[in-house]
Amino acid sequence: MPAISDASDGVRPRFSVGDRVRVRAVYPLGHIRTPFYVRGRTGVIERICGVFGNPEELAQMRSGEPGQPLYRVRFRQQDLWPDYTGPAHDVVEVEIYQHWLEPA
Amino acid sequence: MSEDRGTYRPLTYFQLMEASLRELLVEKGVLTDAEVNAAVEDMRRRGPDRGARVVARAWTDPAFKARLLADGTRACEELGLEVPALRLVVVENTPEVHNAIVCTLCSCYPRMLLGLPPDWYKSREYRSRMVREPRAVLAEFGLVLPDSVRIRVHDSTADMRYMVLPMRPAGTEGWSEERLASIVTRDCMIGVAVPRLP
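Here the protein sequences come in this chain order: A and B. 1 is the number of the first residue of the first sequence in the numbering used here; add one for each residue after it. 1 is the number of the first residue of the second sequence in the numbering used here; add one for each residue after it.
Be careful, since some hints might not be right.
Said to hold, decoys possible - Below, simulated SDA-like cross-link-like pairs (lysine to any residue); rule was C-alpha separation at most 20 Å, straight line: (1) B:Lys122 x A:Ile32; (2) B:Lys65 x A:Arg47; (3) B:Lys65 x B:Glu173; (4) B:Lys122 x A:Pro35; (5) B:Lys122 x B:Arg46.
Derived by calculation from the structure, the hints in this document are not laboratory data.
Please take these sequences and the hints and turn them into a complete structure.
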């Protein structure tokens, strides 16, 4: 899907790099690009990737607008998996659209 | 074991759907068979040698490396490699950080640089375990990393595609770009291996 290069075409970014965010713990049906294993978990914005058509809308043959800011969110492995056996600095980074994030 | 003389298997649901859609598009004149074949050939022609060229250039040209890490798509275009309709994020391995790539939701993969993904990349096992116990998975690939190295797993869930920029191994001083590219394997750029001297 083509990137919408100008952020003003879509929803404005609410978060900045370094902000702590929580992924919404909701379970709608449809073409959802937010993996289950990060829902309800807290991470930190690693970078803002740009504004992209909303895949949940695009999958329904709709326009995907307004575009959603897309972030890369960094999670500590130990915050995702309480029984993680590796060191505390290991991380997973996941792309998440803004409408799935709330301030933490 | 007896020789496999070719076993008849009925098409799966998705194979049948693909064939039906393709035939319908051809019948309606939207596409021709030749166009479909050309697209398949194009896909098959692309291989990890493209990504290896990018890595070798980054190893020999620090300014290119900086541009590659800042904007992967644009840097690849400098080398004549089209990275269409999506953005490439290049992540750099260092003595402190090791990167690896997975797509837990499906099998997103930087095809324009690495070609078609290996079957294991698409397997449920790799996709589920790489975010859950990456050190165990890497060890099964023969890559054991000390706890002092941070493992950074990238789950490509949306519009980005990822490629790992491995560390240039010692003992390659003075090598040409071409020779350097020869030790950069597909698995190095997925992050389940590191380049080794032959």
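We went through each hint and held it up to the structure:
1. B:Lys122 x A:Ile32: holds, 19 Å
2. B:Lys65 x A:Arg47: holds, 19 Å
3. B:Lys65 x B:Glu173: Given that 20 Å is the threshold and the Cα spacing comes to 17 Å, the pair holds.
4. B:Lys122 x A:Pro35: Roughly 16 Å between the alpha carbons, so the hint for lysine 122 (chain B) and proline 35 (chain A) holds.
5. B:Lys122 x B:Arg46: Measuring from Cα to Cα gives roughly 18 Å; hence the hint holds.
Consistency note: the structure conflicts with none of the earlier hints.
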